[in-house]
Amino acid sequence: MGMNWHVVVDNMPILAKGALLTLELTAGAVAIGVIIGLFMALARLSKRKVVRAGAIAYIDFFRGTPLLVQIFLVYFGIPMLLKWQTMPDNYQYTAGILAMGLNSGAYIAEIFRAGIQSIDRGQTEAARSLGMTQAQALRYVILPQAFKRTIPPLGNEFIALLKDSSLLSIIAIQELFYTGKIIVGRTYQPLPMYLTVALYYLVMTQLIAQWVAYMERRLGKNDLG
Amino acid sequence: MILVKDLHKYFGKLEVLKGINCHIKEKEVVVVIGPSGSGKSTFLRCLNKLEEPTRGEITVDGIPLNSDVNVNAIRREVGMVFQRFNLFPHMTALENIILAPEVVRKSNKAEARKNGMELLAKVGLYDKADEYPDRLSGGQQQRVAIARALAMKPKIMLFDEATSALDPEMVGEVLSVMKDLAREGMTMVVVTHEMGFAREVGDRVIFMDEGIIMEEGKPNEVFENPKNPRTQAFLSKIL
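Residue numbers (our numbering), protein chains in the order written: chain W, 12 to 236; chain Y, 8 to 246.
Isolated chain W, as found in the complex (with noise of 0.2 Å):
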């Protein structure tokens, strides 16, 4: 069988729109990752035993198994939970964004907690010190502080979500590695297709990583902290 970049050509396209879903389904579930991450750090280094109990079986529980796992667990969990008799109409897209941000949110939570472990307990003590609250401390000196040094781990663990989305396509959500899996079953051309996807999430990937680059540079200019 010949090779046949026709195909390619031909499902451009389609195969654009697979790759805006997959970006889009990535920032959701960064954005619940975020929230997510951010309380979970806070709470892994609460006083309170029970608190930090609770992140640390959090945050253990959605490292230590499949993402796979967990797609299946929220796309079929949910529905036997909440007792549903049909599953309402796109509800895979809901329940693949909520599974990559639960799981992100382990990550991203590691990820805050080492920045905020990172900045010296001198400005805690200072801030403290001056009549601030356990929380405002926070909020004016250590995340501002702790933000700019969880950058670059952050922009990896974007990139390592936006390609772990392809796994979405096991619930059937017509992002980029579906539609490629389609169109291969539908022209028989494997190699073209898939270097196609590849280069796809190939220039995504980039796009954050030059993002990320960006930032840290606007960010890192005013201060070597």
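Fair warning: there could be bad hints in the mix.
Under the rule of at most 30 Å between Cα atoms (straight-line distance), these lysine-lysine pairs were calculated in the DSS-like manner [said to hold, decoys possible]: (1) Y:Lys56 / Y:Lys113; (2) Y:Lys135 / W:Lys159; (3) W:Lys58 / Y:Lys20; (4) Y:Lys135 / Y:Lys116; (5) Y:Lys135 / Y:Lys121; (6) W:Lys58 / W:Lys192; (7) Y:Lys186 / Y:Lys12; (8) Y:Lys234 / Y:Lys129; (9) Y:Lys225 / W:Lys159; (10) Y:Lys56 / W:Lys58; (11) Y:Lys234 / Y:Lys25; (12) Y:Lys32 / Y:Lys186; (13) Y:Lys20 / Y:Lys56; (14) Y:Lys121 / Y:Lys162; (15) Y:Lys160 / Y:Lys116; (16) Y:Lys162 / Y:Lys186; (17) Y:Lys20 / Y:Lys34; (18) Y:Lys186 / W:Lys58; (19) W:Lys58 / Y:Lys25; (20) Y:Lys186 / Y:Lys121; (21) Y:Lys162 / Y:Lys225; (22) Y:Lys20 / Y:Lys160; (23) Y:Lys116 / Y:Lys129; (24) W:Lys60 / Y:Lys20; (25) Y:Lys116 / W:Lys159; (26) Y:Lys129 / Y:Lys32; (27) W:Lys58 / Y:Lys12; (28) Y:Lys116 / Y:Lys32; (29) W:Lys60 / Y:Lys56; (30) Y:Lys56 / Y:Lys160.
Just so you know, these hints were derived from the structure itself, not from any lab.
Could you slot chain Y onto chain W? The hints should help.
Positioned in the frame of chain W, the structure of chain Y alone reads:
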């Protein structure tokens, strides 16, 4: 102003403070000296609860520092200057100074800025308001840190080896700001190795060793005529 009764502090099994009693009066400048590891910094840090005392009583400005009390209320009245400045690196000098007044005291921005600029002028750094800490020398950073503490209008200022991390040529500029404060009648507790400052500015010198107050008195008495052999040994080494 500050009353300390039988203050003990353990770090794990190590007893760092072994029963400190002392009374610091309003407008008094108390200089705490002693060898490293003697517990002087820990003592100072107990006064605004950066360290939790293991046992004993501390009363600041009439308010007992027990666990029930709102620690933040005390800290608003007690300014602290650290050995390593601890300026907030992501903020300019002026932003460092006005953050706590805005956030804690809810001062309005214009007023906080005006007060902040006055404080910068007072420590001789009016023209450095918009500089970030990493663009300032150690001495300048420490002066900003003093202005930052003063912005909360504290009644008491604690200095924890404020000049120990400075290059020798910058010690003078920081000490002179501290002297001005003493002259204005600020109540001050100063942990330092600067004996010249202790002599010139101190109303009272406390010599600490091994977690207790070995000797205290007027600077001339302690420096000219130390009674405790430990004080004599310490002073003979550094004077």
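Can you name, in rising order, the numbers of the hints this structure does not satisfy? 6, 8, 9, 17, 18, 22 and 28
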